[in-house]
Each structure stands twice: as C-alpha cells, then as structure tokens.
Amino acid sequence: MIVQVDNLKKKYKKDWILQGVQFEIDHPQIVALVGPNGSGKTTLFNCMTNLLSFNSGRIKLLEKDYTDTSLFYDIAYLQDNRILYENLTAYDHLKFVSSVMKLPNSKIIEVAERVGMQRYLKKRIQKFSLGMKQHLLLAMAIINSPKLLLMDEPINGLDPTSAINMRKILLELHEEGTTIIISSHNLDEIDRLTNTIYFMKDGRILEESLKDYNTKKYFLTVNQIDQAKAILEENAYPVKVNEEEQIEFDDNHTSLQEVISLLNQHNILVEDTEIIRIGAEKRYLELFEGTNSE
Amino acid sequence: MKDLLLFEFKKITKILYFMMMLLALIAFVSFFFIYSYVHTARVDDYIYNNEAIKSSHQLSIDELSNTEEDRATNKEDIKFFRGEMEEIDMLSESARNHDWENIIRYEIASSEETVKVLPSQSEENVYTWPTHFTNEVVMEKNKWLLEHHIKPVLPIHSFSEITAYDRVFNTAIDEQIAYEFFNKYDSSSIYFLFLLVENGLTIGGAIFFLFLFGSMITREGLGRNGPIHFLATMPLKRWKIIWSKLITTILLTFFVLFATILWGTLLGIVFDRFGDWGYPVLIYEPDFSFRFIEMGNFILLSLLLFLSLLIFCYSWLFLYSVLLKQTFMTIVLTIITVGSGYLLSGSDIAITQELAPFNPFHYFHITEVITMEYAFNAENYNFTMWNGIISLFIFSLIIILVAFLLFRRKAK
Chain A
1 MIVQVDNLKK
11 KYKKDWILQG
21 VQFEIDHPQI
31 VALVGPNGSG
41 KTTLFNCMTN
51 LLSFNSGRIK
61 LLEKDYTDTS
71 LFYDIAYLQD
81 NRILYENLTA
91 YDHLKFVSSV
101 MKLPNSKIIE
111 VAERVGMQRY
121 LKKRIQKFSL
131 GMKQHLLLAM
141 AIINSPKLLL
151 MDEPINGLDP
161 TSAINMRKIL
171 LELHEEGTTI
181 IISSHNLDEI
191 DRLTNTIYFM
201 KDGRILEESL
211 KDYNTKKYFL
221 TVNQIDQAKA
231 ILEENAYPVK
241 VNEEEQIEFD
251 DNHTSLQEVI
261 SLLNQHNILV
271 EDTEIIRIGA
281 EKRYLELFEG
291 TNSE
Chain B
1 MKDLLLFEFK
11 KITKILYFMM
21 MLLALIAFVS
31 FFFIYSYVHT
41 ARVDDYIYNN
51 EAIKSSHQLS
61 IDELSNTEED
71 RATNKEDIKF
81 FRGEMEEIDM
91 LSESARNHDW
101 ENIIRYEIAS
111 SEETVKVLPS
121 QSEENVYTWP
131 THFTNEVVME
141 KNKWLLEHHI
151 KPVLPIHSFS
161 EITAYDRVFN
171 TAIDEQIAYE
181 FFNKYDSSSI
191 YFLFLLVENG
201 LTIGGAIFFL
211 FLFGSMITRE
221 GLGRNGPIHF
231 LATMPLKRWK
241 IIWSKLITTI
251 LLTFFVLFAT
261 ILWGTLLGIV
271 FDRFGDWGYP
281 VLIYEPDFSF
291 RFIEMGNFIL
301 LSLLLFLSLL
311 IFCYSWLFLY
321 SVLLKQTFMT
331 IVLTIITVGS
341 GYLLSGSDIA
351 ITQELAPFNP
361 FHYFHITEVI
371 TMEYAFNAEN
381 YNFTMWNGII
391 SLFIFSLIII
401 LVAFLLFRRK
411 AK
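Here the protein sequences line up with chains A and B, keeping their order.
For the first sequence, the working numbering assigns the number 1 to the initial residue and increments by one for each residue that follows.
For the second sequence, the working numbering assigns the number 1 to the initial residue and increments by one for each residue that follows.
Think of the hints as simulated: they come from the structure by calculation, not from any bench.
There's no promise every hint is true.
Unchecked claim - The calculated DSS-like cross-link candidates involving lysine-lysine, where the alpha carbons are at most 30 Å apart (straight line), are: (1) A:Lys240 to A:Lys216; (2) A:Lys102 to A:Lys64; (3) A:Lys127 to A:Lys102; (4) A:Lys102 to B:Lys237; (5) B:Lys14 to A:Lys102; (6) B:Lys2 to A:Lys102; (7) B:Lys14 to B:Lys240; (8) A:Lys122 to B:Lys237; (9) A:Lys240 to A:Lys229; (10) B:Lys240 to A:Lys60; (11) B:Lys2 to A:Lys133; (12) A:Lys9 to A:Lys64; (13) A:Lys147 to A:Lys64; (14) A:Lys123 to B:Lys14; (15) B:Lys10 to A:Lys133; (16) B:Lys116 to B:Lys79.
Excised from the complex, chain B in its bound form (with noise of 0.2 Å):
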C-alpha cells in the first residue's frame, strides 16, 4: 500500500495543471490577506473616525450656540455634545494607549442601556435592525472579550453586528451602513483564517477541490483501457489501487488544506499578529438563546466539515469516472449534481421536510451549519455538524460502494 501511495503522490504532483491549480490557490489567499490587511481598521482609523464624530459635534454646537440666547437655548443639546466629545476623548486616548479593556467596558456599559430599553426578543416580533438580540449579542461579546483579555476587531459598538434576527432595515441606507460596520477585517492569524474560511469553504471551494484532484480519478481510465490497466497487472489487490486512489486524494486534500491554513498564518505573523484563537464566534441555539464558541476551534470545525463534504463530492466523482470516458465530462457532472443538490436543497420544501438534516447537499452552507444559522432559517435543530459528517459519511460509502461493484461489472 505504501508504494501505491507514494507512485500516487507522485503522479499527482508532476502533473503541471496540478501545480498550476495550487499556485491560483497561494495566490488567491496572499491577495485575500492583502485585501484584509487594508481593510482592517487599527488604532489611527479609530482615531480618525472619533475625531470625525468630534468633529461632526462640534459643529453642531457651533449651530445650537450661534447667539447668547441659542447657547440658553440648547444648554442641555451642548452639554451632551460635550459630553459625548470628552467620551470620544476618552476612547480615542485608550485606544492611543492600547487599553482596549476601557473601550470594551464602555461599549458593555451602553449597551447595558440598550438592552434594558429594548423589549426581549420571546417578548415581541421585532426584527427590526438592531434587534434585542443583537444588541444582547453585542454585549455578551464584549464582555467575553473583556474576560478573555482579546483585542477587539474594529468596530465593536451595537451597530457593527447583524444577526439572524436582523431582518427589517428601516432605510436602505441604514442596511448599507449596517454591513459596512458589519463586515470586519483583521490581519492576524487567527480572523484572516476565520475570513477565509467564511469565504472559501463554500460550494465555490468543494468546485475548485473536484478541479484540483479530479483527474487523479478520472484519468486512470477506470472501467476501460487505460494506465490502470498497468496498476491491474502488478501484484497488488484490486481494492488496494481503487483505496489508494481515493487516500490519496484525501490525504493530499489535507495537505492542501493545511498547507492553506498554514500559509495564511504564517502572512498574518509575518505582517502582523497571530490573533487570538479564543475571539468568540456566535452560535445560535434555539428559543432566543445564544452561545460562543472560540474562532480557532469555529476555523478546526469548519474545515472538518468541509472535509466530510469533499469526500462526499469525490465519491460522486470516482462514480462518473467509472460510468464516463472523459476525465472533463466527469468533473462537469459531478458539479452539476452537487450544484444541482446544493441548489434544490435551498429549496423551502427541502428544508422543512423531517429528514432534511440527513441530505447531505445541505452541509455545502459550512460556516452557517456550525454556527446553527441554518437551523435556525430551518427551524430545525437537527442541522448540525455532526448530523452533516455522519450524513456525508453515510452517502459517501454508500456512493463509493455502487462505484465499486459498477466498475467490477465493468470490467467483466
């Protein structure tokens, strides 16, 4: 087994179209970090967008105090305009001075305020931006950054958070600022990862796998003429050259996946921090309740699905390949079925019936299933990881299984 896997391993990687797909992989993930990098707000952007409200207050004194009998006027707007000013004076000093514990204790306090105006979330339907829920998430988050001693990712007030709950915005302008605020980018190690594993363990990442490996499959020729016909006529056991070819590509899947994770980390190291692995991800749970998780294991849970998902849309690959001549006709109907699969179990019928949790093309939503957002769209908390590994496990051997005895017959 250990020679199947090496002259595997080897075939796989002289193959220029293989090295090729790797480097579009380096590439995207160096430019993604450039992208974040830019993008993150630090400490003078903080700084700046504070001396920008200043500023925006100042003149709105000015205004409210034009005459004596203005500043008489409004001597209660003033005062809160100054009040507000020596606040913004306060954080923009902490955050100079990289105490982001007293700007996170601010933060906790006014939204302390907020919470107890805002009716509960079980009490009312609202779902108006930004929910109960929301601003509680807000909190609770702040507070396990103030626990955990975690520097925030920028901006950390109760407008940077959407939820779930969040489906009504009252302009269209507040939904713009609201995903401007929500939207967060951070360079260290640790979030650039969580990023793009957001971004990229998706049914766009499992397509770019089926390309990346597809040919290691297909192009052996299984069930006709063909170099596996050289591996046939070795001293080796059938099911040996088949399995090898398939931990193989799992293996190598892994190496790809970690060699990503890792390049990503090393970028986020090199150019500025390694992060905080605990910086808590929110996970929904059912009746109005929430929890956190921490963003290393939410990135280790992640990719774990993922796995599970490529294994899924291998096995679907390794049975076209042995129903199909052509390596390219293989990967094309191998992404229309899980293209097809992904699209139709977005379907409302698809979603609510019982047994939806156990089809499998509901799990290409991986970053939604580990945090229970799509149990709660679904309303059915049987969306979970581990129903969605051992679902994809099921149909993968199951899959694996047909192929097998097809290319048996095949070959009779």
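Pulled out of the complex, with its shape left as it was, chain A reads as follows (with noise of 0.2 Å):
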C-alpha cells in the first residue's frame, strides 16, 4: 500500500478543518485533490507529512507510520515558496537537499536542467519570480526521485511554457512510478494529469468523487426519441431524455457501441452522435455549484 489514510480528523479552534478523511492509494498513479478554498487540502498534506497533528485517525506511507522521518529519503511535498530562504540562492537550497539526501552534486545540475532553471541556479530567491520559485520548489521535490510526491498548487505562477514542463516531468515520474498526489485550481491541467480525482468539502472527500466514473458522456439524436428511450430502459440502460430531445448517457456503466446496436435492432435510426468529455471543471460544478470560494 502506497497511502493509507483511514478516518483522519482535525480540529483547528473550534472547527473541524479535516472530517473523517479516507483513502487508498494501491498502485503508482497520479491523484487530483480538488475542493474550494478552506476544504481542508493543505492541512490534509500537512497531516499527512507530520507538519499538523490530528485529532484522530491513522496515516500510513509506503507502509511506514507517517511519523517516521527516514520516509522523506522516498516522499517529497511541493508546499507553499514561503518555505523558501530569501537570502539563499536556487543553488544553496539544492545543494542542501542533495546534500541531506546523500547525493551527488551532478544532481543539481541534472536536475535543475530538467526543470529548465540553469539560467537562475545562482541567483538569490528574493529576485526570483513566482514561476521561477515554482521551478525551485519542483526541483526540490523531485531531486531523489520520490515514491510519493504531494505537490500543494504546484501550477500556481506558471506561464504556459513552465506548465507544459511540469506536466511532462509529472508524467515522466508517474511512467517512473512514482505516485503523485496534487492539489490545483487549475482543472484544465488536472484533466491532462488524471482521471483520478479525489473532491474535497468540508473536510471530507466526497463519496461520489472517490467512485469510478468515465469522463465521456454521450448524446444521441434518434429518429423516435420516446421509444428509443422505452428501449434502452427496459433494458436496463441507465439513460434520460434532455431537454434538447437527445438521449443521455455517460460511459461509466454504458458501451455506445451496445446502446447503437440495440436501437438498430429496434430500427431506431441514430442521426447523430455527440461525444462530451466530462472534464474535472464539469464534475467539479455537478459537485460544488452553489459553494462559495472563500
């Protein structure tokens, strides 16, 4: 088992911040965290690396208690660039990491290449801009090839270029296997990362969201519309009729070819097909609508 979260509580003053928090990750794959501001994200993150204590729960990593400080040698946490030191350069905070980690210091260059940041490895961090403290934070993280990486909103400040590079090196580490778990508000870029994405409210990941569902819906526009609704529900076809008079569905239980081949049998002709990827934005929206972003 990679991570093992089971019926993590935490309370902050008076209020519950994480509220009976579940999950399991069996197998390497990349995980979007994704919820409104306050849904408890980062403290979910901070539990897990033991910057937060909780009320309740169990935590395990890589099947070692969370506590266990030996587990950074294999997990890294992108967090906040306030971590960062002002004074000290790209260069020095590296050269830490390498150093704690027993590396060679051909490392930093290696990997300070492949998160493009050669260009301001000497330069001090107070000059850097929110991107290049970005670069910064990715190459700390990724330095020793972690087993686990958590990245807190590791899009944040990114111009387009720089977020093409984290994609690519994200889905290199995850062909490496290494699990990614990542929080973003940026839904566009968690589509083009993973199907697997974990919905965070008020402390508590959603039932629904930890649920397989398929990413594409489809809309058929049929000759007989109530009839060929007939059909497929009395064979079990779990499908509805929209309001611009096509027939539903998403690919979570349903095959299109068996929904096409069934009508045609019928003489049911289908005139046209529309296939929607139902993106994380979308879901997100069927999710949260009417939640307020703090």
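Put the two chains together into one complex; each comes in its own frame, and the hints tell you how they fit.
See below:
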C-alpha cells in the first residue's frame, strides 16, 4: 500500500478542518485533490507529512508510520513558496537537499536542467518570480526521484510553457513509478494529468468522487426518441432524455456500441452522436454548485 | 547534523543585515581603539606632567624666597620643594630610560608611608577617597608589577585608584581628579581588551547580540508556516532542527566574540604591543581583604560568563519566537524581558534576598561579578561567577525546554 489514510479528523480551534478523510492508493498513479479553498487540502497534506498533528485517524505511507522522518528519503512535499530562504540561492537550497539525501552534486545540475532553471541557479530567491520559485520547489521535490510526491498547488504562477514542462515531468515521474497526489485549482491541467480526482468539501473526500466514473458523456439524436428511451430503459440502461430531446448517458456502465446496436435492432435510426468529455471542471460544478469559494 | 549546521551558517552569513551589524561591531572596536590609543599616557606625557609639577614647585620656591628674610624663614619648605623636584627629575629620567621598576619602587615606598599613617579599614569606618583599602591596593598592585616585571599603565600613584570602599569625596574637584587618574587607557592588546570587556560586556553588548542573531531563530517561523516546514519535510529529526539553530547561534556567537578579541589583539600588536597577560586586576574578598588575578584570565572569565548570559538571552528569544509571529516583536519582547529583569534585580530587595545569587538577571554585571565587587556591594559573597554560570545554565535549559514543548504543542 502506498497511501493509507483512515478516518482522519483534525480540529483547529472550534472548527473541524478534516472530518474523517479516508482513502487508499495501492498502485502508482496520479491522484488529483480538488476542492474549494478551505476544504482541507493543505491541512490533509500537512497532516500526512507530520507538519500538523490530528485529533484522530491513522496515516500510513509506504507501509511506514507517517511520523518516521526517514520516509522523507522516499516522499517529497512540494509546498508553499514561503518555505524558501530569501537570502539563499536556488543552488544553496538544492545543495542542502542533495547533501541531506546524500546525493552527488551532479544531481543538482541534472534536476536544474530537467526543470529548466539552469539560468537562475545562482540567483537569490528574493529576485525570483513566482514561477521561478515553483520551478525550484519542483526541483527540490524531485531531486531524489521520490516514490510518493505530494504537491500543493504546484501550477500556481507558472507560465504556459512552464506548466507544460511541469506536466511533462509529472507524467514522466508517473511512468517511472512515482505516485503523485496533486492539489490544484487549474482543472484543465488536472484533466490532462489524471482521471482520478478526489473532490474535497468541508474536510471530507466526497464519496461520489471516489467512485469510478467515465470521462465521456454521449448525446444521441434519434428519429424516435420516446421509443428509444423505452427500449433502453427496458434493457436497464441508465439513460435520460435531455431538454434538446437527446438520449443522454455516460460511459460509466454503458457502452456506446451496445446502445447503438440495440437501437438499430429496433429499427431506430441514430442520426447524430455527440461525445463530450466530462472534465474536472464539469464534475466540480456538479459537486460544488452553489459552494462559495472563500 | 553537520549538513544542518553548515546550512544554518550559510543562511546567516548571507543576510546583509547580519554583515552590516558585524561591520558596525568592527567599526566600534576600531574607534574605541583609536580613543584608547589617543588617551594612553606615554613616557612623554609622564615627563610633561612631571615638568608641570616641577614648574609649580619652582613657582612656590620663587614665592617663598622673594627676599633674604623670606628665604631664611621658609628654609624648610624650600628644601622640601627642592627635594620633591629632585625626585621628579629622577622619575622623569627613569621614564626616559624605560626604567619602570625604579618608578614603581618609588611609588611603593610612598604608599607604604601612607598606609602606615592611615587607620586600618577594618578598624575605622572611613570611606573617604583614597581610603586605607585603596592605598593598600595601590601598594600591593605596584608590588605585583615589580614582582612580575610588568610595565605599568600610568599613572600608578596612590591617587590613581578608586575602589568600592571609596564612597565619599571631600570635594567635587577631588572626585573629578580621582576619576581622571582612575580612568586609565592603554593601547597594548591585553589592556585594550580589558577596557573592551569592561565597556562592551554589558547589557548593551547582550542587546547587540540579540539583534545580531535574533532573526536567525525567529525568522524561520517556528510554530507557523515558514521555512521551518522546508526543514521539517527533510529526513531530519525535529530535535536536530531546533538544536542545530541553537548550536549554530552559540557557535557563531563564540566566533564573533573570538574574532572581536582577535581584531582587538591585532590592533594592539600593530600599533603598540601585546601587553602583559599578568597585569593585576583587583578581586574583592570578605573582611576587607583582596587579591589580584591576571588580566588575561580576567578577560577569559568575563567572556565565559558573557557567553552563558547570551545563551540565557537566546533561550528567551527562542521561547518568544514560538509564541509570536513577528521577528521584530520577538526581539523587542526579549529585550524588554531581559531589561526588566536587569533593572528589577538591581533593587535592594532583589539583591539582599538569600536566593538572589541564583537569579540569573544579576549576572549582567559581568565585570563586577568577576571582580566580586557585586558581591561586596550586596554583602553576599555567593554572587560568584560559577554560581552565575550554573544558574544561567539551569534557567536557559528550563526556558528552552518550555519553548520546545510549546513548539511541539503548537504544531498540533
């Protein structure tokens, strides 16, 4: 098991920030953590990395207790850029990380090239832009090729080129076997990275977000809409007719091929097929409609 | 731990403010050296003063011998002045030849006469400058100089010393003259360092170090989001992170003190001489007695007590940095605590309490504690350097422990 979070509860002053967070990751994958501000994403990361304690629950990472500091040889946490030392250079930061991790100096250059920050390696952080800081945080996080990478808002402040580069790196890391848990408000970017999205609200991971759901929705325009609906319902296909008089269903439990051949068997003509990818954004809106972001 | 220490060193030395403060320290030491150099009494000054006294004696002789009749009447006085002038000539000649031992012998002889005449300090409650105790101190000090073949820091006559027993001055002019003679300067390394220790290892010096290293402990954001989270998500034990900060602060403090001493020593050697490690420093003892310790040792002991005191101050800084969010406020609150403790410990009640020697705030009076003048004034000889170091160490440990527990609690 890579991650085991069991009924995690965290209270701050009078408010419950986490109200029984529960999830498991048993194979290397990219998991996105999505939710409005204040939903508990950063608190969850901080609890997982022992930066914050919690009131009840259990966390195991890579089959070890989360308090074991040796875990950080295999786990990296890309957090807020306030953790950087303004007076030091990017090189100083990477040098420290590499010496603690007992890595050769060549790793510093290697990771700087990979992230694309060779030009400002010797520059002080106080002269860094937000994007440059994100680059450094990423470099620090991946220098040791971690088995588990926790990333809190890593795309913030990145220009499109850098964002593309970061995506490329994350996908490469995933290929190499790294499990990545990423929180972000950039839902388009999340869509490009993963289909596994845990939606968080009020300190909980929403049950429905844990279910597998297909990322495609189909809209069929047919010549006999009522008959088509009746046949499909008769055959236990969960479909509905929308306002545009289209048969609407998603590919969760229904195959497009099956539906079309069934309708054809009953001489119903499928005039048009529209396939829409259900993005994280759509899913987010479905789950959080009416939720005010703080 | 080594990686952490090196990283902490790098962090602090790359802060512009830290370097500016170090430059300010070097400038202070350099200017103070120039001041000491200018005010050092040298052979020429000694001869010049002697010549001035001689001229004054000559004037007196001239006045006393205006006529033959006056000369006959004032024969004895004129003889006295002539004798004095001959002695002055002898002293000037000795100074010119750097024959300090001759001058010291002369001063010892004149002190011995005075000491014989004055009633003992233990017998009579006389506290008018220069007391019997002070005369005795001057005499013994000069004997020490003679015995150890040490070049004296001028002047060395019986009016050149003020001790804790000298509580009354006959006139304001007497007091002014006494302090003029008493405030001696010398640009040799050892004596200059002694002056530096006397003037620098005070509460002011401690506050300087609080400003110098304050940000190192506080700016990390202990107990809140900040760079401490960077260190906390490395494969490093939490206690190592905290201790590395304290150890680095202490090591750097040690280094800054050492560098200051080295700079002072170099200035002395380059512009004057190294000086005498064994120069006597007065230590008060009970029952009107006293002893001397070597000036070099006095400097080392003062530094040791000051270092203990700084650790005590840093522990407050550490505690407040866990409780407060702003670096500046943390430093200010630490200074207020230390300052209040210092002022309150100066009250009569605070000093006379039986357990007072274990109140760490008393030990901001570094040199008075080492010379036992503080103990003498408090009439409590438990105010010793070692008691100071022990109480400072224990209190520092308690405060650090409380801060560490709060730090852990705050992270929850």
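Evaluated hints:
1. Distance restraint check for Lys240 (chain A) and Lys216 (chain A): the Cα-Cα separation of roughly 15 Å lies within the 30 Å cut-off, and the hinted pair is therefore satisfied.
2. For the suggested pair Lys102 (chain A) and Lys64 (chain A), the alpha carbons sit about 21 Å apart, so the restraint of at most 30 Å is met.
3. Between Lys127 (chain A) and Lys102 (chain A) the alpha-carbon distance is near 28 Å, which keeps this suggested pair within the 30 Å criterion.
4. Distance check on the hinted pair: Lys102 (chain A) and Lys237 (chain B) sit about 16 Å apart at the alpha-carbon level, within 30 Å; holds.
5. This hinted pair checks out: Lys14 (chain B) and Lys102 (chain A) have alpha carbons roughly 24 Å apart, not beyond 30 Å.
6. A C-alpha spacing of about 12 Å is found between Lys2 (chain B) and Lys102 (chain A), which places the hinted pair at or below 30 Å, so the restraint holds.
7. Restraint check for Lys14 (chain B) and Lys240 (chain B): the C-alpha separation of about 22 Å stays at or below 30 Å, so the hint holds.
8. Restraint check for Lys122 (chain A) and Lys237 (chain B): satisfied, since their Cα atoms lie roughly 29 Å apart, inside the 30 Å limit.
9. For the proposed pair Lys240 (chain A) and Lys229 (chain A), the alpha carbon gap of about 7 Å is at most 30 Å, so the pair holds.
10. Only pairs whose Cα atoms come within 30 Å are accepted, and Lys240 (chain B) paired with Lys60 (chain A) is accepted, the gap being roughly 24 Å.
11. Taking the CA atoms of Lys2 (chain B) and Lys133 (chain A), the gap is about 26 Å. The hint holds against a cut of 30 Å.
12. About 20 Å separates the Cα atoms of Lys9 (chain A) and Lys64 (chain A), which keeps this hinted pair within 30 Å; it holds.
13. For the given pair, Lys147 (chain A) sits about 13 Å from Lys64 (chain A) by alpha-carbon distance, which is consistent with the 30 Å threshold.
14. This hinted pair checks out: Lys123 (chain A) and Lys14 (chain B) have alpha carbons roughly 12 Å apart, not beyond 30 Å.
15. Distance restraint check for Lys10 (chain B) and Lys133 (chain A): the Cα-Cα separation of roughly 20 Å lies within the 30 Å cut-off, and the hinted pair is therefore satisfied.
16. A hinted pair counts as satisfied when its Cα atoms are at most 30 Å apart, and Lys116 (chain B) with Lys79 (chain B) qualifies at roughly 24 Å.
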